[in-house]
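Engineer: Let the sequences and hints guide you as you build the complete structure.
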Amino acid sequence: MFAIYKRELKSYFYSPIAYVVIGLFFVFTSILFMLSNLYSMTSDMSGVIGTMGFMLLFFIPIITMKTIAEDRKNGTEVLLATSPVSLTQRITGKFLAALTVFMSITVLTFLYPLVLSFFGPIQMGMLVSQYVGFILLGLAFTAVGVFASSLTENQIIAAVIGIVLNFIIWLMDAISASLGGFFGKLLQWVSLMSRYDEFNLGNLKPSNIVYFFSFAFIFIFLTIRVIDRKTLTQG
Amino acid sequence: MNILNNKKIRYGSYSIILTIFVIAIVVVLNIFINMIPYSADMTENKKFSIGDKTQEILDGVEEDITIHVLADEVEYESSYAELYRLMQEYAGDSNIDIEFTDVEKNPGTIKRLDPDNFYELSSGDIFIVSGDKKKKLVYSDFIDYSNYNYQTGQVEGNPLYEQTLTGAILYVSAEDTPKIYLTTNHGEVSLSEIDTFSQYIERNNYDIEEINLLTVEAVPEDADMIFMLSPAQDIKEEERMKLVEFLEEGKSLMVFLDPFQQDVPIDEINRLLVDYNMEFNKDTVTETNSDYYIPGQPNYLLLDAKGLETQVFAPYSRSIKLLKSNIKEWITTTEILYTSDQAVSYNIATEEETKGKAIVGLRTLNKGGASPARVVAFGNSTLISDGVTSQFFENVEFVINQINWALGIDEDQTYIPAKETVSTRININQLQATTISLALIIIIPIILFGIGVIVYVRRKNL
Chain A
1 MFAIYKRELK
11 SYFYSPIAYV
21 VIGLFFVFTS
31 ILFMLSNLYS
41 MTSDMSGVIG
51 TMGFMLLFFI
61 PIITMKTIAE
71 DRKNGTEVLL
81 ATSPVSLTQR
91 ITGKFLAALT
101 VFMSITVLTF
111 LYPLVLSFFG
121 PIQMGMLVSQ
131 YVGFILLGLA
141 FTAVGVFASS
151 LTENQIIAAV
161 IGIVLNFIIW
171 LMDAISASLG
181 GFFGKLLQWV
191 SLMSRYDEFN
201 LGNLKPSNIV
211 YFFSFAFIFI
221 FLTIRVIDRK
231 TLTQG
Chain B
1001 MNILNNKKIR
1011 YGSYSIILTI
1021 FVIAIVVVLN
1031 IFINMIPYSA
1041 DMTENKKFSI
1051 GDKTQEILDG
1061 VEEDITIHVL
1071 ADEVEYESSY
1081 AELYRLMQEY
1091 AGDSNIDIEF
1101 TDVEKNPGTI
1111 KRLDPDNFYE
1121 LSSGDIFIVS
1131 GDKKKKLVYS
1141 DFIDYSNYNY
1151 QTGQVEGNPL
1161 YEQTLTGAIL
1171 YVSAEDTPKI
1181 YLTTNHGEVS
1191 LSEIDTFSQY
1201 IERNNYDIEE
1211 INLLTVEAVP
1221 EDADMIFMLS
1231 PAQDIKEEER
1241 MKLVEFLEEG
1251 KSLMVFLDPF
1261 QQDVPIDEIN
1271 RLLVDYNMEF
1281 NKDTVTETNS
1291 DYYIPGQPNY
1301 LLLDAKGLET
1311 QVFAPYSRSI
1321 KLLKSNIKEW
1331 ITTTEILYTS
1341 DQAVSYNIAT
1351 EEETKGKAIV
1361 GLRTLNKGGA
1371 SPARVVAFGN
1381 STLISDGVTS
1391 QFFENVEFVI
1401 NQINWALGID
1411 EDQTYIPAKE
1421 TVSTRININQ
1431 LQATTISLAL
1441 IIIIPIILFG
1451 IGVIVYVRRK
1461 NL
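These protein sequence lines are chains A and B, in that order. All residue numbers for the first sequence refer to the numbering used here, where the first residue is 1 and numbers rise by one. All residue numbers for the second sequence refer to the numbering used here, where the first residue is 1001 and numbers rise by one.
Careful: at least some of the hints might be erroneous.
Stated by the list, open to error - Straight-line Cα separation of at most 27 Å, BS3-like style, residue types lysine-lysine; simulated pairs:
1. B:Lys1134 x B:Lys1111
2. A:Lys10 x B:Lys1460
3. A:Lys185 x B:Lys1105
What the hints contain is simulated information worked out from the structure, not anything from laboratory work.
Structural biologist: See the structure below:
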């Protein structure tokens, strides 16, 4: 698995795509940071981190679009199926590589609270909670993106599917609020965003952390199922 | 071919069953984990947690209490996230249940809760019930409108969720709700001038109302305490007699009297207080010890207060004399607010100065009557004015402790401190902000894109 992880990571950072994605993300978030924090003279990063979470809807599918689709397009998927590395290890390695790219973006944004700390007090507890939420959201969206990539051999379509799925997840919370009643509560329980809001408010719940990991696990599991089925069909 | 198809069908069925099984296990695991009520409040001022004082109060509540929220739970959580989460902390207490009911889908709920429509309940209201005692809360009850900023059009500071909820719980679980009457007709300070303080009194489970003692035969029977808030003139003898009778029943009196610019008679007020070993002096107090006044303003006193670690701010005060002529074993008088030994009191009647410690607050317990009576006197009323309490919140705590003492309740039993407002302001000038913005928006991305270009070119040349 580690070999797959290293190979995937190299494929990201030995191509311009990772730098372009990270750079673009950083430009947008820095503009937001400038307006919301520097020119507003506040250390409250709730708005910036909340919007960063929304931007992941689009950026993570771009990172993950090639994870499975590229192998399928190049015809290397069948070859990999015969390698000693198990399917689970292969998918996990790819998932972790995509996650590492996401984490590089996250680490770069640590510059913001670092800058703020030179000019006034920062609310460390809130920041920790908000970043934990952001990282877990990225974890979940990365799993969704890898799953989307497993559904097609076209990377663009994989990205689009990933964005659409992320959008549905994002809208679940709003739909649950307007539905109300039992179905509203059910949808809210399933919704990622209502749990993400808890982190953004500064309320750290172990149940929410477990949920995000469970969510990612289910999508990785589904990815393995999809590829396994396709391999069997082709074999 | 059939065999192949069978294989696919078999595998397909196996895959679906396995997927459902795995998802079911994950769902069940999450349901169990969700039952763990633990959460870490990472906010600086712990706004999702109930304070020690509230916990102490809740531990003492034995009655079953239901908090009815007349709204759909999901919508309410979405609209009032902070209040919703704080309510869950109350629901953690075994005596308190929270019930969310969408009254638009269940219209009979309001009729069931309030058959006589006395409370005029509507969607969005909170209705707290314990036995026969009920309290209605609307969202505006949680907002401290004395912090309204006319420039921004917004209320500053934190909403008073905990104070309001705990006060309402105290109200419905208390056997009696203490009633305070504020005297009028002598140019007293009105309730609207002490909005913050009066809201705190109500939130801490007291009812407060105004009364003109000249228009009633006696102080109402439901009164537990009379507040005399800085009268600009003396009371009448008949008013004094009504107050004497009131105190002899074992009730309480709190008098705030600011210094006057001229020699205004206060004989009746002092006659009322003489049985409690007190007499207001006709003076104004200044300080010479720099630890006891605001820099540059020796009249703006910072007083030592009994039971408080911080000082109480009391601008423009008069002193109170502790009378030694009426020392009896059933009368206990305690100094509660006082200056340093280096204060100077200027008597406007005699035009004399007295140097030394000045007492600005005194309280007396008199057990000589049928029931013990308690009187508290302050030589200042601005210490609970909105302008002062917005900066010196400890003033509110101190006076509420004295009210509790006067009503025979543990001094700090019901005072619930407000959540601290966390400052997020940073000191950054325009030049610094612009320089940092340029670095973040232009320089760092250029470096990243540059690395991307270098990587692309190197790969192309391989």
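Engineer: State for each hint whether it applies.
Structural biologist: Right, here's what the structure says about each hint:
no., hint, in the structure
1, B:Lys1134 x B:Lys1111, "holds (14 Å)"
2, A:Lys10 x B:Lys1460, "holds (16 Å)"
3, A:Lys185 x B:Lys1105, "holds (15 Å)"
Violated hints for the displayed structure: none, as all numbered hints are satisfied.
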